[in-house]
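**Q** As a plain string of letters, each chain reads:
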Amino acid sequence: MALTGVEIFKLLPKTNCKKCGFPTCLAFAMKLAQRQASLDLCPDVSEEARQKLGEASAPPVRPITLGTGENAVKMGEETVLFRHDKRFVNPCVFALGIKDTLSSEEIEKKINEVRNSVIDRVGQKLKIDAIALLNDSGGPEKFENAAKILSEKAPEIPVILCTTNLSAAEVSTKLYSDRKPVLYGANAGNLEDMSGIAKNYKATLGIAASTGGLNELSELTEKVKKLGVEDIVIDPGARKAKEILEHNTLIRRAAIKKNFKPLGYPIITFAQREDNLLETLVAALGVAKYSSIIVLSSIERWKNLALFTLRQNIYTDPQVPMQVEQKIYKIGEPTEESPLLITTNFSLTYFIVSGEVENSKVASYLAVMDCEGLSVLTAWAAGKFTASKIAQFIKESGIEGSIKHRELIIPGYVAILSGSIEDKLEGWKVTVGPREANGIPAFMKSRMK
Amino acid sequence: MAFIPPKETYPGRVYSVSIGTGQKEITVGGENVLPFHSFEGAFSNRPLIAYEIHDVPPSDWPESVQKPYLDVCANPVSWAKYCQDILNAKAIALRLIGTHPDRENRSSEDAAKTVKEVIDSIDIPLIILGSNHTEKDSSVLIAAAEASKDRNCIIGKAQEANYKTIAAAAIANNHKLIAMSELDINLSKQLNILITQMGFDKEKIIIDPMCSALGYGLEYTYSVMERIRLAGLAQNDPTMQQPILGDVGMYVWKVKETIADEKDVPLWGNTEERGIAWEAVTAVSMLIAGAEILVMRHPKAIEAVEKMIDELM
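Taken in order, these protein sequences are the chains called A and B.
Numbering follows numbering that gives the first Met the number 0, in which position 285 of the first sequence is assigned residue number 284; successive positions increment by one, without gaps.
Numbering follows numbering that gives the first Met the number 0, in which position 115 of the second sequence is assigned residue number 114; successive positions increment by one, without gaps.
Check the hints yourself; a few may be wrong.
What the hints assert, rightly or not - Beyond 10 Å from chain A on every Cβ pair, some chain B residues (computed): (1) Pro61; (2) Asp70; (3) Lys89.
Claimed, not checked - Calculated pairs, DSS-like style, for lysine-lysine (alpha carbon to alpha carbon, straight line, at most 25 Å): (4) Lys6/B / Lys85/A; (5) Lys255/B / Lys126/A; (6) Lys360/A / Lys66/B; (7) Lys326/A / Lys255/B; (8) Lys148/B / Lys201/B; (9) Lys360/A / Lys255/B; (10) Lys126/A / Lys262/B; (11) Lys255/B / Lys329/A; (12) Lys152/A / Lys141/A; (13) Lys198/A / Lys73/A; (14) Lys444/A / Lys255/B; (15) Lys262/B / Lys360/A; (16) Lys115/B / Lys148/B; (17) Lys30/A / Lys256/A; (18) Lys260/A / Lys6/B; (19) Lys262/B / Lys108/A; (20) Lys241/A / Lys89/B; (21) Lys256/A / Lys73/A; (22) Lys241/A / Lys6/B; (23) Lys262/B / Lys109/A; (24) Lys85/A / Lys188/B; (25) Lys326/A / Lys253/B; (26) Lys152/A / Lys124/A; (27) Lys124/A / Lys262/B; (28) Lys80/B / Lys112/B; (29) Lys6/B / Lys239/A; (30) Lys329/A / Lys262/B; (31) Lys239/A / Lys299/B; (32) Lys253/B / Lys360/A; (33) Lys256/A / Lys6/B.
Hints listed in this document are in silico derivations from the structure and should not be mistaken for laboratory results.
Think of the CB as a built atom: it goes at the ideal place given N, C-alpha and C, for glycine as much as any other residue.
Throw the hints in and build the complete structure from the sequences for me.
**A** Written out as structure tokens, the structure is:
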């Protein structure tokens, strides 16, 4: 169980030396208890205390890295069940499943699909993170051959090697030694051998429960840990959406609420379906409900865009407002006569206002001003959406070169600013727009008359 | 270390709400656990998806979602019957968008006539939605509620600015009522309290915490829905135990991702499949977060979400 601040304090040197950056050992202990500081900051902590604290302060879901280099992805480290409590930490990995029965040309084609999956959205580069090689052939030859192709042609892409065949496991994992692959396929029957291979080549071991569910899974992870493998991902065996939800929920709860170590590992979910759209929805369930790796059978662009966006939404920090970049956005194809509106850079404000301007079917310029992600009224109240800042932004934005008129439409909620903006923006006229974004289409329509 | 499944039981329960009449009456809600958590309690009523239709042709819908209805959407009755008889819709959501002053500005009488014609042509439950113009909705929804008297519809949306008249119309004509607020659990709770203070039965309210599309604030709706469910179940808050509605289609089918042609954004893939996936993924997220009723547009998206519900139940 997690230790309280006072319990941690008893294990610290109690010298108040401040080397950790906190004023007292007690303050440091409190931060440790909240998992907001690392024990490494204390240079004088005893070995005994380090061991005790290390175990207690270890994150409830073990951090695991898949792959190496700039394509490495972190998994685990989650601390909550609901995203409104605290940010979900490490976005789930999407992996394209590749069957070892495919020809080398087909495998290379799939590699290219993964490489070309990068999409830029709201300033983030999103992509298919990994390849899961599947042992559909059942034997070692094709699997080893396919692993070689992946290792040579796509050395940068992290892999999950899915096989229960020991020879295939040995050969393929060896190819990836020191590249942090997942070797998935350990079960009650092959546990010792698979653990040995994972240990030899420093792979993460993927453990699958059969019919025994979470109880069996807990026993298997404990055994594997005793065999010296610490980096583990777990598969409770669920394939139907109902069971995925049940197992993932119970695993996350056990890890976080009970600090139950045998299930404190990232979860791998196999979402493949004949029906591609249904597969997309099962993957969506995995994104929302605690899967750390989701294996897909195909990665069409429309499917990727929807899943990447959902992952981005679910893993957004609920305490930090999503912001959009400060700039003048073009809506439609505005000309030098088109209206200019201004609002703040809270993403929701931007989405709603730009959506309503679009609905008005009037090509426009929308000036979005950096107000640290606050909405209009809040930004105004906090002194971030003021006449002088607006005037400065408009002048520096260079919009004066793109439009002939000098009229700025401001949100109705800050009508009070209109006079002072006109004072500070010489030659400009300020028009007060509607208070709510849904009034924009009517407002724009009335201006056209 | 033996594994003991950490199951949760909650003191609260979501109200069971029935809509429609006769054999096609449908009950939603009634669960005492989080969505689809049937491993630890009762989640027996299947969430309901209503097909959205309009009182006027849906000229503002993107092509991909207009296409399935091209032959029927000129007339709300043929549209409704097509959804019920051919697409096997379990419910219809008739949005009286044509009454909006910026649209066709149809009168309350015209709206009432449409409601009457539609409800007389179907036997599945009907949800009647205004145009989201708070002033106009007051008069339109009163007329619509009268035209569908005693058919146990859901009418809405009642908002802070107009809930009194709409709630009164729902009481007088025996309907359920959608209470809509904007992405804030406290506003939602406050509106439910105001409505019940008028003497409206709290078990006849449907909460709409405002939907948002995937990529356009979905995470806010998702978390507000989760928090409403937890307030109702874990804190046993009687003002937060109503079924939740997600008005998915209207938020989804106006974002770039459902409209932009593949020619203009080749990286985004096929336009039609993208739009359908966008609506279906938004819908499933809402179901996982706590929605019991969804209003959707594309038949293929609805079909996929129904299959997903099959897998989850």
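**Q** All the hints need checking, so say for each whether the structure fits it.
**A** Now the hints, each set against the structure:
1. No Cβ of chain A approaches the Cβ of Pro61/B within 10 Å, the least distance being about 12 Å, so the stated non-interface status holds.
2. At roughly 24 Å from the closest C-beta of chain A, the C-beta of Asp70/B stays outside 10 Å, upholding its exclusion from the interface.
3. A cut-off of 10 Å between C-beta atoms confirms that Lys89/B is not in contact with chain A; the least separation is 19 Å.
4. Among the hinted pairs, Lys6/B with Lys85/A is consistent with the structure: their alpha-carbon atoms are about 22 Å apart, no more than 25 Å.
5. A threshold of 25 Å between alpha carbons decides the hint, and for Lys255/B with Lys126/A the separation of about 20 Å falls inside it, so the pair holds.
6. For the hint linking Lys360/A to Lys66/B, the alpha-carbon distance of about 22 Å falls within 25 Å, and the restraint holds.
7. Proposed proximity of Lys326/A and Lys255/B is supported: the alpha carbons are some 19 Å apart, at most 25 Å.
8. As the CA atoms of Lys148/B and Lys201/B are separated by approximately 20 Å, the hinted pair is consistent with the 25 Å bound.
9. The suggested pairing of Lys360/A with Lys255/B holds, with an alpha-carbon distance near 14 Å, which does not exceed 25 Å.
10. For the hint linking Lys126/A to Lys262/B, the alpha-carbon distance of about 21 Å falls within 25 Å, and the restraint holds.
11. Taken as a hint, the Lys255/B and Lys329/A pair is honoured in the structure, with Cα atoms around 14 Å apart against an allowance of 25 Å.
12. With a C-alpha separation of about 16 Å, the suggested pair Lys152/A and Lys141/A falls inside the 25 Å cut-off, and the hint holds.
13. With a C-alpha separation of about 20 Å, the suggested pair Lys198/A and Lys73/A falls inside the 25 Å cut-off, and the hint holds.
14. Restraint check for Lys444/A and Lys255/B: satisfied, since their Cα atoms lie roughly 22 Å apart, inside the 25 Å limit.
15. This hinted pair checks out: Lys262/B and Lys360/A have alpha carbons roughly 21 Å apart, not beyond 25 Å.
16. For the hint pairing Lys115/B with Lys148/B, the CA-to-CA distance comes to about 10 Å; that is within 25 Å, so the pair holds.
17. Restraint check for Lys30/A and Lys256/A: satisfied, since their Cα atoms lie roughly 19 Å apart, inside the 25 Å limit.
18. Note on Lys260/A and Lys6/B: the hinted pairing holds, with a Cα-Cα distance of about 17 Å set against a maximum of 25 Å.
19. Annotation: proposed proximity of Lys262/B to Lys108/A holds, straight-line Cα distance about 23 Å (limit 25 Å).
20. Straight-line distance between C-alpha atoms of Lys241/A and Lys89/B comes to about 22 Å, which keeps the hinted pair within the 25 Å bound.
21. Of the supplied pair hints, the one linking Lys256/A and Lys73/A holds, its CA atoms being roughly 22 Å apart against a limit of 25 Å.
22. The hinted pair formed by Lys241/A and Lys6/B meets the criterion: a straight-line CA distance of about 15 Å does not exceed 25 Å.
23. Between Lys262/B and Lys109/A, the direct Cα distance comes to roughly 23 Å. Compliance with the 25 Å bound is thereby established for this hinted pair.
24. Restraint check for Lys85/A and Lys188/B: the C-alpha separation of about 23 Å stays at or below 25 Å, so the hint holds.
25. Taking the CA atoms of Lys326/A and Lys253/B, the gap is near 23 Å; set against the 25 Å cutoff, the hint holds.
26. For the suggested pair Lys152/A and Lys124/A, the alpha carbons sit about 23 Å apart, so the restraint of at most 25 Å is met.
27. Distance restraint check for Lys124/A and Lys262/B: the Cα-Cα separation of roughly 21 Å lies within the 25 Å cut-off, and the hinted pair is therefore satisfied.
28. Of the supplied pair hints, the one linking Lys80/B and Lys112/B holds, its CA atoms being roughly 16 Å apart against a limit of 25 Å.
29. In summary, the hint linking Lys6/B to Lys239/A is supported, as the alpha carbons are separated by about 20 Å, within the 25 Å threshold.
30. Restraint check for Lys329/A and Lys262/B: satisfied, since their Cα atoms lie roughly 20 Å apart, inside the 25 Å limit.
31. For the hint linking Lys239/A to Lys299/B, the alpha-carbon distance of about 21 Å falls within 25 Å, and the restraint holds.
32. Taking the CA atoms of Lys253/B and Lys360/A, the gap is about 12 Å. The hint holds against a cut of 25 Å.
33. About 11 Å separates the Cα atoms of Lys256/A and Lys6/B, which keeps this hinted pair within 25 Å; it holds.
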